[in-house]
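Protein chains: 2
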Amino acid sequence: MNKETLIATHERIKPFIHKTPVLTSELLDEIAGCQVFFKCENFQKMGAFKMRGAANAILSLSDEERERGVVTHSSGNFAQAVSLASKKLGVNAYIVMPENAPQVKKDGVKTYEGTIIECPSTIQHREATAKKIQEEKGATFLHPSNQDEVIFGQGTAAMELLEEYPDLDYIFTPVGGGGLLAGTALAAHFFSKKCKVIAGEPFEADDAYRSLQSGKIETNETSETVADGLRTHLGDRNFPIIQKYVGKIIRVEEGEIINAMKLIWERMKIIVEPSCAVPFAALQRDKEDYRNKNIGIILSGGNVDLSNLPFN
Amino acid sequence: MNKETLIATHERIKPFIHKTPVLTSELLDEIAGCQVFFKCENFQKMGAFKMRGAANAILSLSDEERERGVVTHSSGNFAQAVSLASKKLGVNAYIVMPENAPQVKKDGVKTYEGTIIECPSTIQHREATAKKIQEEKGATFLHPSNQDEVIFGQGTAAMELLEEYPDLDYIFTPVGGGGLLAGTALAAHFFSKKCKVIAGEPFEADDAYRSLQSGKIETNETSETVADGLRTHLGDRNFPIIQKYVGKIIRVEEGEIINAMKLIWERMKIIVEPSCAVPFAALQRDKEDYRNKNIGIILSGGNVDLSNLPFN
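Sequences listed follow chains A and B, in order.
Counting in numbering that gives the first Met the number 0, the first sequence runs without a single skipped number right up to 311 at its last residue.
Counting in numbering that gives the first Met the number 0, the second sequence runs without a single skipped number right up to 311 at its last residue.
Only chain A is shown next, with the shape it has when bound in the complex (with noise of 0.2 Å):
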């Protein structure tokens, strides 16, 4: 894992995705006490970072390996960017989803054309049904967030970003699977001499926090987050970057996130996910320890069902 592997990587998925741009705001700057530099993955492709990391692992495989196409059991994010990178590069995309996700989520999935295959809700069910898709397709894994394509995809974000503002003090993302975490934290140690990267994570759903901690990957007991996308936990692949690189998770309630993505619709006019203002919201809980100073924030995503907001 060096320099090397991460700028090969952007240039390996270059053709697939967006160079999203950078955005920036008075108002809140003003409101956070600092300069804040918005990487909008939220405008990626189907609409999130994941398609970075998606793109990244399908484009690792063999000819032979391609052909027999690719398996994941995520319903989120990640399924969608699967389904359609795969689509860009004529691989068959076996998306495992619980039979009572969201009809919004199913549609993302045909939207791209991956095959839905749907298993009861639980996650042996979802592992188990995977896996007898490996067997009888001779299909490949990916998973979400551990597995090292996955990771440096996901950093091309803050390498990007890092490009364009070389002067960040810090960055933060949101920490759910650890991915981009982790995939960050390489990048701005590759790509910067003082750049520090925060993660924001839900009090909810704090196992990464608690991980830190202990020096051991927890789980999550419960998970009751509007951040859909942060319930899961960190792999072994990733933990080990985190552990190193990672300065630091800042904790945030429920309504600290709600006003966090509120307030990025209202002011900046854009589209973001609950999981995606968490970062936003890590900043303005902790503003007096980074007053003034250059952040980069990785909005990681904007994929929301509009008939379903967390708004009152």
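Think of the hints as simulated: they come from the structure by calculation, not from any bench.
There are no misleading hints in this set.
Examples of chain A residues toward chain B, derived with CB under 7 Å:
no., residue
1, 42
2, 264
3, 268
4, 269
5, 270
6, 301
7, 305
8, 306
9, 310
10, 311
Ideal placement from N, C-alpha and C gives every residue a C-beta, glycine not left out.
Position chain B relative to chain A; hints supplied.
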């Protein structure tokens, strides 16, 4: 009214406005069957193109006039635009608003430190109250759409768009009071040999469409449209320009407006208000007429009440 006036207007207001970005979307191009360039005035200061006209109107006043302040009785985006432009120029802004105006609109004006004067909700009361302030304070009345300085200010959005994309075949705008449409038509006339200007208008408030038919300014009997920015009618300054330079007005159903708005939110991940979605709805309705053309759309604004959205 000539090209030089428009160039001078742009120079005058430049320090007070954003040069807004132009966004594109492969998915929306596919849906519309043409190449669409969205000029994002929803990212303009205070969230709408109205900032351009308001800034120009106030900058065109003498020192003495500025001293005495300005007054308007718009309750929408123009009120916020006048408040913000006045604040930046150290001018008092008196905003006449109906007592029953939504709190979100009053808050918008307060954010930018405009002085709200409440009155009963009829147009007669609003005009009388504004008149009284003109007399008492010597304040200059600013009209949201029927005033040359405002029309030219609004035209600078299309001017920027044509500077960046000189090859446009058409520019679409919404039509409410007619300031944006007239300004855009002048800009296209001055800055392009081939670009035609088309407006979208709700069937529920189709006064402009009927005005072009009858050759005189028509009003709306009712205005039950979700596009709350388009309920007003044309005026004697902008109507002749619209008659002379506008190609066509396309009327759209309420459902088409909401669908277009939803498409822009979901696919482009940006927030636009209902009025702002009308031109894209118009393009979709008559898409066969614009197949494979280069179309500019002025996305007019992004000020919505998030607790009262038209989605199911």
